[in-house]
Each structure stands twice: as structure tokens, then as C-alpha cells.
Amino acid sequence: MTDAATNMRLRLPIICFILEIILIILFATLVQYNDETDAKEWHDKNHSEYENDFYYRYPSFQDVHVMIFIGFGFLMTFLQRYGFSSVGFNFLIAAFALQWATLMQGFFHGMHGSKIHIGVESMINADFCTGAVLISFGAVLGKTSPVQLLVMAMFEVTLFAVNEFVLLSTLGAKDAGGSMTIHTFGAYFGLMVTRVLYRPNLDKSKHRNSSVYHSDLFAMIGTIYLWMFWPSFNSAVTAHGDDQHRTAMNTYYSLAACTLSTYGMSALTAHDGKLDMVHIQNAALAGGVAAGTAGEMMLTPYGSMIVGFLAGIISVVGFKYLSPVLEEKLKIQDTCGVHNLHGMPGVLGAIVGAVTAAVATTDVYGKGMHDVFPDVASGKIQASYQGVRQAISLAVTLGIALGGGLIVGFILKLPVFGAPPDTICYEDSIYWEVPGDEEEHDDQLTAVRTTETEKLNS
Amino acid sequence: MTDAATNMRLRLPIICFILEIILIILFATLVQYNDETDAKEWHDKNHSEYENDFYYRYPSFQDVHVMIFIGFGFLMTFLQRYGFSSVGFNFLIAAFALQWATLMQGFFHGMHGSKIHIGVESMINADFCTGAVLISFGAVLGKTSPVQLLVMAMFEVTLFAVNEFVLLSTLGAKDAGGSMTIHTFGAYFGLMVTRVLYRPNLDKSKHRNSSVYHSDLFAMIGTIYLWMFWPSFNSAVTAHGDDQHRTAMNTYYSLAACTLSTYGMSALTAHDGKLDMVHIQNAALAGGVAAGTAGEMMLTPYGSMIVGFLAGIISVVGFKYLSPVLEEKLKIQDTCGVHNLHGMPGVLGAIVGAVTAAVATTDVYGKGMHDVFPDVASGKIQASYQGVRQAISLAVTLGIALGGGLIVGFILKLPVFGAPPDTICYEDSIYWEVPGDEEEHDDQLTAVRTTETEKLNS
Amino acid sequence: MTDAATNMRLRLPIICFILEIILIILFATLVQYNDETDAKEWHDKNHSEYENDFYYRYPSFQDVHVMIFIGFGFLMTFLQRYGFSSVGFNFLIAAFALQWATLMQGFFHGMHGSKIHIGVESMINADFCTGAVLISFGAVLGKTSPVQLLVMAMFEVTLFAVNEFVLLSTLGAKDAGGSMTIHTFGAYFGLMVTRVLYRPNLDKSKHRNSSVYHSDLFAMIGTIYLWMFWPSFNSAVTAHGDDQHRTAMNTYYSLAACTLSTYGMSALTAHDGKLDMVHIQNAALAGGVAAGTAGEMMLTPYGSMIVGFLAGIISVVGFKYLSPVLEEKLKIQDTCGVHNLHGMPGVLGAIVGAVTAAVATTDVYGKGMHDVFPDVASGKIQASYQGVRQAISLAVTLGIALGGGLIVGFILKLPVFGAPPDTICYEDSIYWEVPGDEEEHDDQLTAVRTTETEKLNS
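Going line by line, the protein sequences match chains A, B and C.
Here the first sequence is numbered in full-length UniProt numbering, starting from 1 and rising by one per residue.
Here the second sequence is numbered in full-length UniProt numbering, starting from 1 and rising by one per residue.
Here the third sequence is numbered in full-length UniProt numbering, starting from 1 and rising by one per residue.
Because the hints were derived from the structure by calculation, they are not lab data.
Careful: at least some of the hints might be erroneous.
Think about it this way: if two alpha-carbon atoms lie no more than 27 Å apart in a straight line, the pair counts; the simulated BS3-like pairs of lysine-lysine are [as the list claims (entries may be wrong)]: (1) B:Lys367 with A:Lys380; (2) B:Lys115 with A:Lys367; (3) B:Lys40 with A:Lys367; (4) C:Lys367 with A:Lys40; (5) B:Lys45 with A:Lys380; (6) B:Lys367 with A:Lys367; (7) C:Lys40 with A:Lys40; (8) B:Lys380 with C:Lys40; (9) B:Lys367 with C:Lys115.
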């Protein structure tokens with residue numbers, strides 16, 4: 001196990017320290033408090049303390065933060081022997097990615113003169129970008145070293161920021177909850193990476209690529225937190241007022257409907273009608289993904305429910321019938337099934353967003369059109385053209401994700417990052433000190449316990 | 001196990017799909033964004049974006065949401081072999097109930113013309129109604145199929161909305177935290193259902209009706225979340241300003257006091273002075289239930305503490321001495337002891353509310369009387385009469401809960417819903433694909449591990 | 001096991017009931033709603049309901065509340081056989097401490113005439129004080145009875161309030177996130193208590209003083225919640241506006257940087273490069289502790305990252321090299337390593353705070369100086385003298401913590417509190433009814449399962 005090839009004693013400290021020191025230097029050079037976090041700037045303006053955006057974004061930020069660290073982290077603990085790595089590597093790469101994302105997103109969106117200005121909104125956006133990296137992590141789960149993951153995060157965050165800039169700033173697309181920028185991007189990037197890292201002998205670790213009873217319960221903690229807080233995720237960076245309120249509510253109903261179709265489909269596709277935890281843990285969340293673009297639009301509550309309902313069906317069908325085909329025919333070993341939870345529902349969400357945008361009218365949006373589709377409101381473009389923008393954005397996202405994943409996959413193949421051998425995938429003990437499963441026996445105590453139990457039963 | 005009688009392959013998909021399609025049709029016909037979620041309506045009015053009620057209710061909503069899905073879901077995972085069903089069926093019926101509740105509560109309280117208008121407050125109320133269903137679920141836990149649970153939820157939500165309408169709109173009672181509408185209603189409804197579904201041979205599953213070490217820890221996640229967020233629950237729909245603030249604080253102190261009396265009583269009632277996890281997991285929450293009605297009133301901090309203190313005592317005594325009697329004499333098989341956590345403390349809360357209302361004076365409430373007791377403030381009735389209203393409301397709630405539970409219990413007895421046999425209750429594997437408990441052995445790896453450990457120890 | 005010496009049947013109820021009754025009497029005599037929770041007072045003033053501080057403090061309060069009950073509670077469940085006690089005693093002593101802290105802190109800081117006025121800010125402060133008690137609990141974990149813990153909490157809360165009063169009111173120090181008042185105080189108090197309670201024969205329980213696989217995952221729930229919500233903790237009671245916003249953001253970056261240095265150091269200090277869960281669970285949080293004093297100051301984002309980076313390194317080094325020395329040479333048996341997570345990082349935070357205060361200028365803070373350093377802003381003192389105040393405060397805190405811990409340690413040594421013997425430390429079953437680890441066997445069901453599995457595999 002202490003094989004030199006996978007030993008992290010030098011590799012991991014070197015990359016962690018170098019990355020963090022670079023981050024600190026770049027932050028020192030480039031990053032400043034924005035005018036809501038800077039003591040002087042804030043007090044130079046005449047406003048109530050209560051108008052600070054902290055009060056209108058921070059609760060959403062914390063919900064998103066929980067999704068990133070608890071939601072994604074525990075969702076992936078379903079493997080019997082990979083809980084430390086799931087939650088632990090999730091923690092590590094997220095902590096790195098959110099710092100790096102602050103710089104990359106700031107560079108593309110937030111330069112004020114030569115400085116990046118930061119506050120709660122940039123924190124939310126950094127967490128969002130981190131979410132995409134964690135989706136890709138789901139595809140390669142169990143087959144990568146922490147060093148590979150940090151390298152992947154570094155490149156993926158950069159490409160994420162490029163794609164986001166192209167979509168939101170150049171193309172003028174709307175994607176508040178990130179059906180495209182986060183879910184589609186993260187999923188197809190990760191799928192391409194895992195394709196390039198294809199392991200023909202992975203079946204030697206097959207016996208560890210499954211759950212045990214309590215690991216499935218830990219994973220449900222992740223699932224439920226993602227499910228509960230998805231309304232906050234989709235609404236975290238929309239315009240204030242009705243927009244945030246409506247987005248949260250649309251997502252709430254989309255998720256509720258998705259849960260019913262997931263349970264129905266899970267029982268329907270099992271020969272004995274038994275529910276499959278994989279479906280419940282994942283497909284029930286597809287409604288949140290699919291409402292990521294259109295959630296802020298006037299999708300209507302029943303429209304949201306239809307979207308969620310379809311997302312649940314697509315996702316279960318993906319897990320049941322498509323994933324095995326992808327693995328066998330296309331050699332895509334997708335550990336967590338991110339194609340089913342983030343890939344297809346993300347594309348569905350993008351399409352729903354394009355259609356909903358294309359049919360937007362002033363009759364329905366009134367003066368609220370300015371918040372949702374500013375270019376339509378200002379008369380610069382027609383609503384139908386906004387739909388076209390959205391559709392092009394989906395295509396661009398797929399292109400950058402697949403192209404980027406291809407290149408990064410080959411970089412990760414370099415034999416210097418300490419990847420585990422095919423025989424010891426999905427296994428914590430290659431990178432972690434792992435204690436036993438059983439408590440230590442304490443004969444004296446067991447004896448007392450037994451005696452006492454007997455007394456009680458007699 | 002794949003017994004035709006309990007096979008869900010057709011039953012569950014049929015009910016899930018039919019219910020969701022009906023919901024979508026009714027939402028399409030009846031439900032609209034309210035003037036805080038509708039883009040046009042909101043922007044037609046002249047106000048700051050920050051005045052949207054989203055910012056003053058949504059954080060409370062998310063806390064309530066966590067209580068419903070994590071709190072109730074994990075609280076019930078204490079059984080050794082019913083964790084998937086506890087958290088999974090909780091998830092399913094809650095996702096259904098919150099949609100159905102939106103319609104039923106909207107029908108009774110929120111019609112604007114022929115439309116139901118929805119926003120964050122209706123989302124909170126839908127979650128509240130769902131809470132009552134989950135309380136009833138606790139009474140029948142382990143003995144019902146998911147189809148039975150969905151049928152129960154459908155009827156219970158409807159009756160909940162009727163009872164709530166009678167109490168709040170017809171009788172003019174106050175019950176912000178739902179001591180009556182949620183806890184008393186949910187508990188006695190569920191107790192009557194489980195009475196009707198009485199299983200004389202349930203002792204054949206007795207060996208599974210207990211916890212194991214880690215299942216008790218999972219349950220504590222549920223307990224602690226319920227405990228922490230109960231202040232948000234009780235204050236989620238009270239009037240803004242001092243009312244929400246005071247309600248949260250009263251509940252906080254009630255729960256703290258309840259925890260001390262629970263620990264004290266748990267040790268006192270054990271022959272060897274050892275604490276019982278069942279008490280800690282449940283009775284420590286009774287202070288939140290008991291502060292559900294009077295929490296928004298000028299109960300005073302020490303008044304709240306007295307209420308919590310008593311609730312903890314009553315609840316432990318109920319678990320220890322009353323539950324066995326209910327089961328033996330009245331044939332009420334109450335799996336989670338909802339009578340002790342929600343039933344008796346709910347009644348206590350209703351009584352405390354009636355008394356606190358009856359002694360309300362303008363000296364104490366000042367102009368704040370308008371928020372808490374509008375009819376007293378307007379001079380329409382005397383405070384003492386408000387107390388009478390509260391007392392009548394308790395009686396009405398008990399009547400509708402018991403009567404409704406009786407009827408719904410008989411409906412659930414129909415032999416078409418796939419209920420488990422007496423011999424296989426409290427068992428996940430009847431409705432779920434269940435993995436093993438043990439990790440797969442990996443001889444190669446174990447060998448390496450052992451060698452290494454020996455090296456380390458030498 | 002039902003040894004008379006550790007039997008809690010009378011001891012625990014007596015102390016719980018007496019303490020709670022005293023609390024109720026003191027609350028009845030001394031405590032009143034403040035003007036934001038009192039119906040009359042609030043409505044006597046002319047303001048919008050939305051200006052109630054509830055809306056600007058309560059979300060932070062709930063995050064802090066989660067850290068206290070879930071964060072600390074689950075962080076300590078890492079021991080294989082002490083999960084019930086970790087989360088359960090944490091629950092009990094926190095529920096007591098927050099009530100007692102309301103009185104003690106109110107007595108020192110919040111008297112209005114002869115009354116203590118309470119609202120959401122006092123609730124946050126009570127939770128903060130509770131945090132210090134739980135840190136001390138970490139030092140004595142596994143070696144104390146619940147009665148000892150309640151006695152300790154009673155004295156520690158009192159001393160905490162004295163120290164806090166001296167620092168904030170007498171010396172005029174700033175310490176919003178409590179690097180000194182909470183972490184340094186709680187850690188050194190607890191370390192002195194555990195020193196006085198030194199158990200020479202503790203190695204007889206050594207086999208239970210370690211984790212098992214799933215207990216480490218439960219502990220990670222605590223870790224991640226503490227990590228996520230630390231920005232809320234440090235900013236919960238700072239001034240409104242830019243101050244809260246900046247504090248949260250500084251803490252966010254400090255923690256992210258700390259996580260990278262923790263992972264790097266954990267791998268670097270292991271002979272085989274494997275990550276150690278103890279480091280990840282604890283040291284990754286040191287960045288929050290170390291940003292507790294300077295977080296509200298203009299520390300800059302990169303300054304915060306440097307602080308976090310150093311805190312992670314110090315903390316891992318402490319776990320690896322210092323803790324064994326403390327135990328062997330100084331006879332300090334620090335179960336959770338609170339010296340490494342709270343002690344040294346707390347001192348680091350105090351020093352960083354003193355330095356950052358000393359270099360504060362009006363150029364940087366502008367009119368915001370009034371919020372952060374009121375005495376500097378008013379010209380009463382120079383910034384450098386504020387730095388001296390901070391340094392003196394650290395010394396005072398260490399003095400009161402060590403002196404107080406010494407006295408309280410000797411009180412806890414009295415042989416009447418039911419402490420466990422050296423042979424049965426770190427063991428739940430001495431104070432709890434503990435179920436088995438294994439599910440009950442159900443031969444019929446196992447048979448069916450096996451048959452079915454065989455069918456599937458064939």
C-alpha cells in the first residue's frame with residue numbers, strides 16, 4: 001500500500017503549498033475589498049447599514065456553501081470504502097477551487113481598473129464554479145489521486161470562467177442557476193476526462209464499487225441537503241425582489257414533482273418493484289438542475305413541475321439503461337452517474353430556458369422584463385432571439401467542456417500524479433490512514449454487558 | 001421477498017404518476033404567482049426590491065424545510081433496518097404533501113377570484129401541513145407500504161386544511177407554531193390510523209423494532225436539527241417585527257429547559273440510572289411543541305422555560321409508562337411514540353396558549369396587541385373569550401383528527417396497497433434493494449494492511 | 001457497569017432539576033424582553049417592522065447554533081464507542097450553559113436598571129459562551145461524568161463572563177469572533193482542568209481511545225459544519241454593514257487557505273504520506289479560530305489567507321509533535337487536541353489582532369474606524385495603544401483561564417460526581433443504555449435474501 005507510485009508524502013504537500021502561495025501572491029497583487037466590504041468605501045456613501053448586500057445574499061450563500069461541502073461531499077460517500085476520500089477530497093478541491101475561482105471569475109467579470117473587487121456575490125460565484133469541479137469529480141470518483149484532482153480543478157476553473165464569460169457577457173445568455181455553466185459544463189467536462197482516463201482493468205476493483213447499508217445513509221444526507229437548498233442555489237445571484245422569490249419557488253415545485261417521478265420510475269424499472277437507492281440519491285435532484293436556467297423566468301409553477309417531472313424520468317432511465325451502454329460502448333466509466341444527474345438534466349434545462357426565453361412577452365413580464373431579459377426590455381433584441389442566444393450558449397458550453405476535458409484528461413494521464421492502480425480503486429486506504437470497522441473488544445466490558453443483559457431478560 | 005402482495009412495480013408508479021399529473025393539471029388551472037413572485041405585478045407597484053417578503057420569510061422557510069426533510073427523516077432512522085424507508089418514504093410523502101397542501105390550503109385560505117396565489121408564505125404553510133403528515137407517519141412507521149402512505153397523506157392534508165381553516169378563520173384562534181393544527185392534529189390522526197391498522201401478530205417483527213449503535217447516531221442528526229430550528233418553525237409565519245423575534249426566543253428557552261428535564265427524567269426512571277436514547281431523541285423536543293401556540297404571546301422567558309420543563313417531564317413519563325399501556329390496553333402500536341412527543345405536548349401547548357391568551361392585557365401588549373390578538377385589540381372580544389376560542393379549537397382539532405384517522409385507517413386497510421406482512425415489518429428490504437452491511441473482502445488489500453500494521457506495531 | 005459509584009439515577013436528576021429551577025427563578029426575577037422582543041416597547045417606537053434586529057442577526061444566530069449543537073457535538077463522535085456521550089452530553093451541557101450564560105453575561109453587560117434585557121444578540125452571545133464550555137469538554141472528553149460536566153459548565157460560564165467583561169468593557173479590546181474570549185479561554189481552561197484530573201492509569205482504556213471507520217465519517221459532519229458556518233460565527237456580533245460583510249469574507253478565505261496547508265502538512269508529516277483524519281477533522285478549522293479577532297478589521301483577503309495558512313501548519317504540527325509531549329511531560333491528557341485547534345490558533349489570532357489593530361490608520365478605515373476601533377476614531381487613544389490593549393487582553397485571558405481551570409479541576413476531583421474509573425473511559429455504556437452493533441438476525445429473511453441474490457447472480 002505504501003507503494004512509491006502512489007505515495008503522497010512529497011507530491012501533495014508540494015502542490016498544496018505551491019498553489020496556496022501563488023494564490024496568496026495573486027490575491028495580494030490583484031484583489032481588494034469591494035465597496036460593500038471596505039470600511040472606507042462603504043462609509044463614504046450615504047446609506048443605511050441595512051442596505052448592505054450582505055443581508056440579501058449571505059443567507060443564500062450559506063445554503064449554497066452547504067450544498068458544496070455537505071451536499072456534494074456526502075452524496076459521494078455511498079461507496080463502501082471511499083467515504084474519507086469522498087468527503088475529504090471534496091473538501092480539499094473545493095477549498096482550492098473557490099480561491100482560484102475568485103481570481104479567474106474576477107479576471108473575466110470583475111476588474112475595476114487593475115483590481116478584482118470582491119464581496120458576497122463573488123463568494124457565491126466562486127462556490128458555483130466549485131460546484132462544476134465537484135460534478136466532474138463525481139465522474140472520476142475513486143480512480144484519481146488528490147494531486148490529479150487539484151490539477152483538474154485548476155484547469156477546469158479556468159475553462160469554467162472562460163465559458164461563463166462567453167455565455168453571460170459575450171452572448172448575453174441568462175443562466176442564473178447554471179443549467180449550462182455549472183451542470184452541463186461540469187458533467188461533460190468530467191465525462192470526457194474519465195473517457196480519456198479509461199481503465200480497461202477496472203473490473204478488478206469492481207467489488208468495491210458498490211455501497212453498504214450505512215454508506216447509503218450517509219449519502220442520503222448529501223442528497224437531502226442538495227434537494228432542500230437547491231431553491232437557494234438557483235436564486236442566489238438573480239436580481240433582487242420578485243426574481244429571487246420566483247426562482248426559489250419554481251425550483252421548489254420542480255424538485256417536488258421530480259421526486260414523485262423518480263420514485264415511480266425507480267419501482268417501474270426494477271424487475272421486483274424495489275426502489276434503488278442510486279436513483280433516489282441522484283435522480284430526485286434532477287429537477288433542480290433542469291430548473292437552473294428557466295427558474296428565474298415566468299416558467300409558472302405548473303411549468304416548473306412539468307420540467308421536474310420529466311427530469312426525474314430522464315434521469316432514472318439514464319441510470320438504468322444508458323449508463324451501462326456508455327461504459328460498454330463508449331468506454332465512459334462514470335462512477336456517480338453525473339451524466340444522468342447533471343448532464344442530461346442540464347441539457348434539458350438549457351432547452352427549457354431557450355424555449356421559455358423565446359416566448360417571453362411584455363404582457364407577462366411587465367416592467368420586470370428589465371431584470372430577466374434586459375436586452376429584450378430595452379428593445380435591442382426580440383425575445384425569440386434571446387432564445388437563439390440560449391441555444392447557442394448550450395452548444396458553446398458543450399464544445400468547451402468536451403474540448404477542455406479532452407486536453408485535461410491527457411494532462412492527468414501523465415504518470416507523475418500518483419493515480420491508484422486498477423486493482424485498488426474506490427479504496428480509501430491508499431491515501432488515508434484508515435481505522436478498522438469494528439470497535440476494539442473489551443472482554444471485561446463485554447462480560448459485564450452480557451451478564452447485565454441476561455439479568456434484564458430474565 | 002418478491003411477494004406479489006407487496007410488489008410495488010405497478011402500484012407505486014401508478015399512484016406517483018397519477019397524483020403528479022393531477023397536481024400539474026390543478027396547478028395549471030388554479031395556481032398563480034402572487035404579487036411578490038410575479039414579474040409584472042411586483043414591478044407595477046412602487047417599492048424597494050428589499051421589501052419583498054422573500055427576505056423576511058425565506059431564511060425561516062429554509063430552516064423549516066430542513067426540519068421536514070432532515071429532521072423528521074433522520075429522526076426516524078433509529079430502527080436498525082429501516083433507515084432507507086424512514087428517510088426515503090419521508091422524502092416521498094413530503095414531496096407529495098407539500099404540493100397537495102399548496103392546493104388545499106390555497107383553496108381554503110388563499111383564493112383570489114378563482115385563483116390560488118402563492119409565494120414564500122404558502123411554501124412555509126405547505127411545509128407545516130407536511131409536518132403533520134410526517135408525525136402521523138411516525139405512528140405507523142415500519143408497518144405501511146409507500147402506497148398506503150401516499151393515500152394517507154392525500155386524505156390527511158385535506159383534513160388538515162379543513163381543521164386549520166376552522167381554527168384560524170372561523171374560530172379566530174391563534175396557533176402560529178401549530179401546537180394544535182400540526183402536532184395535536186398529526187399525532188391523534190396517526191394514533192387513530194395505527195389503532196385501526198392494529199396488528200395482533202406484530203411481535204413476530206419485534207426483534208427488528210429496536211436500534212443499533214449507528215442508527216441511533218443517525219437519528220440524533222434528526223433530533224438536533226429539529227431542536228435547533230424549532231425557534232424558526234414557531235416564528236416562521238407570525239407577524240413581522242417583535243412577534244417573530246419574541247417567538248423565536250421563547251422557543252429557544254423552552255427547548256433549553258426541556259432538555260434538562262428530559263435528561264433528569266431519563267436517568268431517574270431507569271433502574272440503573274442510564275440515559276435512554278429514545279428519550280433524548282424525542283422528549284428533548286417536546287419544549288418546541290409545547291411552545292407552538294403561546295410562543296408568539298407575551299409568555300415571558302421564564303414562562304417559556306416552565307412550559308418546556310413540564311413538557312420534557314410529561315414526554316419521558318409518556319415513553320416510560322404510558323406507551324406500554326396504550327399498546328397493551330388500547331392496541332395502539334405507536335412506533336415512534338408520537339403521542340409522547342407530539343400528542344401530549346401539543347395538548348399542553350394548546351392549554352398554555354388558551355390560558356396565556358385569556359390573561360392578555362393592553363398593559364402588557366400595548367399596540368402590539370393588534371398583531372397577536374387583533375379581535376381583542378379592536379375591542380370585538382375580551383381576552384378571556386380569546387382563551388375560550390383557543391380551548392374550543394383544541395376540542396375541534398381532537399375531534400377532526402380522531403374522526404378523520406378512523407375513516408382513513410379503514411381506507412388504508414383495503415388489501416390493495418401492498419402492506420407488509422406482520423412477520424416482515426420494520427424491514428427495508430421488502431421495498432428497497434438493500435446492500436450488505438459488510439464491505440467486500442479484498443484479500444490482497446487485507447494482507448497488505450495486516451503486514452503494514454504489524455510493521456508499525458513492531 | 002451498574003456500579004454504585006457511577007450510577008446517575010439520583011445524581012443527574014438532582015443536578016438537572018435544581019439547576020433548572022434556579023434558572024427559572026432567576027429568569028423570573030431578573031430577565032425581561034428587550035425593546036425589540038417586547039410587544040409594547042417595540043410598538044411604542046416609530047419604525048418599520050423590517051428594522052427589527054431579528055432580520056439582521058437571526059440567520060447568523062442559526063448558523064452559530066448549528067455549530068454549537070451539530071458542529072461541536074458531531075466533531076467529538078470520532079471515538080469508536082463514545083458517540084452517544086459526545087453528541088448527548090454536548091447537547092445537555094450546551095442547553096444548560098446557554099441559559100446560565102444569559103444570566104451571567106446579562107449581569108455583566110446587559111443590566112437595564114435591575115433587569116437583564118434579552119433578544120437575538122444575547123442569544124448569540126449565550127451560544128458563544130457555550131462554545132467555550134464545549135471546547136473545554138473536548139479536553140476532558142471520555143473521562144468525565146455528565147454531572148462533572150454540568151458543574152464545570154456552571155463555573156466556566158461564570159468565569160467566561162468575567163473575562164469577557166474585563167476584555168471588552170474594561171480593557172476596551174475587540175474580539176468579535178472570540179479568538180481570545182472563546183477559543184483561548186476555553187482551551188486553556190479545559191487543559192488545566194484535564195491536567196488536574198490527570199489519570200495515570202488511563203492507558204487501560206487506550207484501546208477505546210481511537211476511531212472506527214463510520215465514527216470518523218460522523219465526525220466529518222461536525223467538521224464540515226463548523227468550517228462552513230465559521231464566517232457566520234466570526235461576523236455574528238460585529239457592527240452591521242461592511243463590518244459583518246468583511247468579517248465573513250475574511251474568515252471564508254482564511255479557512256480555505258488553512259485547508260490546503262492542513263492537507264499538505266498532514267501528508268508531509270506521515271511516514272507513508274497518508275492523510276490523517278484527526279488533522280483533517282481539526283486542523284482545517286484552525287483558520288476560523290485564528291481569524292476570530294482580526295476578522296472584522298481591514299485584514300485584507302490575502303492577509304486572511306496568510307493567517308489561515310499558518311494556523312493550519314501550526315495545528316498539524318501540534319497534533320503530530322506537541323500533543324504527545326504535553327501528555328508525557330506535562331501530564332495533560334487532551335482527548336480532542338483542543339490545544340492544537342483552539343489553544344495555539346487562538347493565541348495566534350490574538351497576536352494577529354493586536355498587530356492589525358496597532359497598524360490601523362484613518363487612511364484605510366475612513367469613517368468606518370468608528371465601528372471597528374471607536375476609541376481610536378474618537379481620538380481617545382492611538383492605534384498602537386489599541387494593539388497594547390489587545391495584547392494585555394490575551395495575557396488576562398490566559399491568566400483567568402489557567403487559574404480558573406486549576407480551581408475548577410480540584411472541585412471536579414471531589415469523589416461525589418460519578419466519574420468513570422480509568423478502566424472504562426471513552427465508553428458510552430457506563431452512562432447510556434447501548435444497543436448492539438449488529439442487526440438482529442432474521443433467519444427466514446436472510447434465507448430469502450440469499451436465494452434471491454443467487455437467482456440474480458445466476
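Status of each hint after checking the structure:
| no. | hint | in the structure |
| --- | --- | --- |
| 1 | B:Lys367 with A:Lys380 | 52 Å, violated |
| 2 | B:Lys115 with A:Lys367 | 23 Å, holds |
| 3 | B:Lys40 with A:Lys367 | 6 Å, holds |
| 4 | C:Lys367 with A:Lys40 | 6 Å, holds |
| 5 | B:Lys45 with A:Lys380 | 25 Å, holds |
| 6 | B:Lys367 with A:Lys367 | 38 Å, violated |
| 7 | C:Lys40 with A:Lys40 | 38 Å, violated |
| 8 | B:Lys380 with C:Lys40 | 20 Å, holds |
| 9 | B:Lys367 with C:Lys115 | 23 Å, holds |
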